[in-house]
Amino acid sequence: MVPRGQVEVLYFAKSAEIAGIHSETISVPQEIKALQLWNEIETRHPGLADVTNQVIFAVRQEYVELGDQLLLLQSGDEIAIIPPISGG
Amino acid sequence: MVPRGQVEVLYFAKSAEIAGIHSETISVPQEIKALQLWNEIETRHPGLADVTNQVIFAVRQEYVELGDQLLLLQSGDEIAIIPPISGG
Amino acid sequence: EPPGKDMNEVEEKSKDTIKFTSEKLSVDEVSQLVISPLCGAISLFVGTTRNNFEGKKVISLEYEAYLPMAENEIRKICSDMREKWPVRHIAVFHRLGLVPVTEASVIIAVSSAHRAASLEAVSYAIDALKARVPIWKKEIYEESSSSWKRNKECFWATSD
Amino acid sequence: EPPGKDMNEVEEKSKDTIKFTSEKLSVDEVSQLVISPLCGAISLFVGTTRNNFEGKKVISLEYEAYLPMAENEIRKICSDMREKWPVRHIAVFHRLGLVPVTEASVIIAVSSAHRAASLEAVSYAIDALKARVPIWKKEIYEESSSSWKRNKECFWATSD
Numbered sequence: 001m002v003p004r005g006q007v008e009v010l011y012f013a014k015s016a017e018i019a020g021i022h023s024e025t026i027s028v029p030q031e032i033k034a035l036q037l038w039n040e041i042e043t044r045h046p047g048l049a050d051v052t053n054q055v056i057f058a059v060r061q062e063y064v065e066l067g068d069q070l071l072l073l074q075s076g077d078e079i080a081i082i083p084p085i086s087g088g
Numbered sequence: 089m090v091p092r093g094q095v096e097v098l099y100f101a102k103s104a105e106i107a108g109i110h111s112e113t114i115s116v117p118q119e120i121k122a123l124q125l126w127n128e129i130e131t132r133h134p135g136l137a138d139v140t141n142q143v144i145f146a147v148r149q150e151y152v153e154l155g156d157q158l159l160l161l162q163s164g165d166e167i168a169i170i171p172p173i174s175g176g
Numbered sequence: 177e178p179p180g181k182d183m184n185e186v187e188e189k190s191k192d193t194i195k196f197t198s199e200k201l202s203v204d205e206v207s208q209l210v211i212s213p214l215c216g217a218i219s220l221f222v223g224t225t226r227n228n229f230e231g232k233k234v235i236s237l238e239y240e241a242y243l244p245m246a247e248n249e250i251r252k253i254c255s256d257m258r259e260k261w262p263v264r265h266i267a268v269f270h271r272l273g274l275v276p277v278t279e280a281s282v283i284i285a286v287s288s289a290h291r292a293a294s295l296e297a298v299s300y301a302i303d304a305l306k307a308r309v310p311i312w313k314k315e316i317y318e319e320s321s322s323s324w325k326r327n328k329e330c331f332w333a334t335s336d
Numbered sequence: 337e338p339p340g341k342d343m344n345e346v347e348e349k350s351k352d353t354i355k356f357t358s359e360k361l362s363v364d365e366v367s368q369l370v371i372s373p374l375c376g377a378i379s380l381f382v383g384t385t386r387n388n389f390e391g392k393k394v395i396s397l398e399y400e401a402y403l404p405m406a407e408n409e410i411r412k413i414c415s416d417m418r419e420k421w422p423v424r425h426i427a428v429f430h431r432l433g434l435v436p437v438t439e440a441s442v443i444i445a446v447s448s449a450h451r452a453a454s455l456e457a458v459s460y461a462i463d464a465l466k467a468r469v470p471i472w473k474k475e476i477y478e479e480s481s482s483s484w485k486r487n488k489e490c491f492w493a494t495s496d
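Sequence lines, in order, name chains F, D, W and E.
Quick note: the first sequence, position 23, residue 23 per my numbering, numbers continuous.
Quick note: the second sequence, position 85, residue 173 per my numbering, numbers continuous.
Quick note: the third sequence, position 94, residue 270 per my numbering, numbers continuous.
Quick note: the fourth sequence, position 137, residue 473 per my numbering, numbers continuous.
If you are wondering where the hints come from, they were derived from the structure by calculation, not from laboratory data.
A few of these clues could be false.
Covered stretches of chain E, going by a simulated chain W footprint (3 or more residues, C-beta under 8 Å) [said to hold, decoys possible]: (1) 358–364; (2) 368–374; (3) 377–388; (4) 449–456.
What you are looking at is a predicted structure, and each value in this text was computed from that prediction instead of being measured.
Ideal placement from N, C-alpha and C gives every residue a C-beta, glycine not left out.
Work out the full structure, taking the sequences as your base and the hints as a guide.
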């Protein structure tokens with residue numbers, strides 16, 4: 001079994017409105033594909049299914065698409081749910 | 089004979105320094121090629137020979153090169169000697 | 177003219193100034209930050225809030241950012257600009273919170289010895305900022321509705 | 337988005353503001369002149385005086401202009417810009433007389449609904465100004481010598 005760790009999930013803009021929170025700490029496998037991590041988060045907040053095709057992760061402040069990439073996570077890592085940006 | 093008229097000649101920047109004046113009224117033929125007009129002006133201020141290849145006229149505030157173009161002048165017309173510009 | 181010919185070059189370090197603030201932005205303040213006696217050019221871009229979107233009247237906008245990451249992404253953009261153009265100083269200010277119509281949401285200022293570098297760099301900077309810096313704008317409409325916007329430059333989501 | 341979709345468009349006329357002054361130029365003042373609730377972008381170019389030229393230390397610069405013609409030539413440039421890009425307001429300020437090092441000699445500001453128009457237009461404007469507006473700069477060097485400058489863009493005289 002892959003060991004689990006506690007990561008901090010941050011929600012912004014539309015994803016924060018849907019989840020109803022700005023951050024939470026969750027327990028996840030320390031080796032997990034990005035899309036599987038998204039599925040875990042979506043299970044906690046089913047409303048997020050609406051934005052699956054629009055969001056991207058920032059893992060330790062680096063962008064990661066919701067795909068097959070394997071994430072190696074440490075407890076305390078920060079994972080942000082990033083809806084389409086609109087700065088400028 | 090082509091009738092003559094009184095035109096106002098304006099000197100700027102280096103051409104003003106060479107001529108030693110900023111403006112003067114001179115009598116010129118009312119039909120004259122640009123280069124001939126320059127020669128008349130150069131006769132009045134021989135030092136201007138140094139800048140013949142660098143200057144351009146502005147006749148009634150429109151650029152005219154020192155060439156074969158025939159100028160039709162009225163008394164009171166303004167002719168400026170324009171050295172290379174350096175605004176901005 | 178090669179940069180090595182500039183006088184005092186070693187005496188003046190290039191600097192990047194990045195600021196997020198809920199205060200009103202000042203074009204003078206941002207342009208002052210990039211002034212240099214070695215430079216003949218400062219180019220600036222000011223993003224201002226428009227009063228309309230698809231026929232709806234916009235009353236104001238609200239910006240939020242993922243702050244440490246947004247600053248890091250802007251630092252990367254500054255670094256990219258320095259690789260591409262010989263620019264001296266860069267300043268990027270972005271406003272957060274409520275921004276009334278006609279006020280500035282972003283100001284980018286870049287100085288360079290000659291103008292082509294700063295003109296091209298400032299254009300690149302606003303394009304890159306819109307594509308990858310995690311900042312969100314919510315438009316608030318007269319009819320009491322609101323909408324999260326997306327930049328068409330956003331690199332992972334296409335308009336639907 | 338076609339310009340016809342913008343709200344209030346008929347209510348706000350486009351304006352060109354052209355000013356020559358011996359006073360210190362203010363970036364805020366010039367950018368204020370082009371603000372519009374219909375616009376999301378203001379692009380600015382600020383020309384500043386450099387402290388060196390070919391290894392000589394420049395103490396200050398002195399500008400003179402053939403005034404009525406210089407203003408007319410800038411008006412033509414504004415008109416050319418409006419033919420090429422959908423820009424809203426344009427402001428061009430040029431300083432005359434003595435300008436100390438690091439102070440602005442020229443400020444150009446352009447507003448537009450979307451940023452590409454004003455970014456391209458302001459770049460065009462400074463190129464065109466340097467090529468055809470009758471303004472002259474005399475550099476005053478530390479060694480008490482001075483020199484009338486020529487823009488490489490000046491359309492009739494090539495550098496020798």
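Exercise for the section: Between the stretch 449–456 of chain E and chain W, see if three or more residues pass the 8 Å beta-carbon test, and mark the coverage as holds or violated. Expected result: holds (count 3)
Practice task
Count the residues of the stretch 368–374 of chain E whose CB lies closer than 8 Å to any CB of chain W, then report whether that count reaches three.
Solution key: holds (count 4)
Problem - Residues of the stretch 358–364 of chain E with Cβ under 8 Å from chain W, three needed, outcome - result: holds (count 3)
Exercise for the section: With a C-beta cutoff of 8 Å, work out whether three or more residues of the stretch 377–388 of chain E approach chain W closely enough for the coverage to hold. Expected result: holds (count 12)
Of the numbered hints stated above, none is contradicted by the structure.
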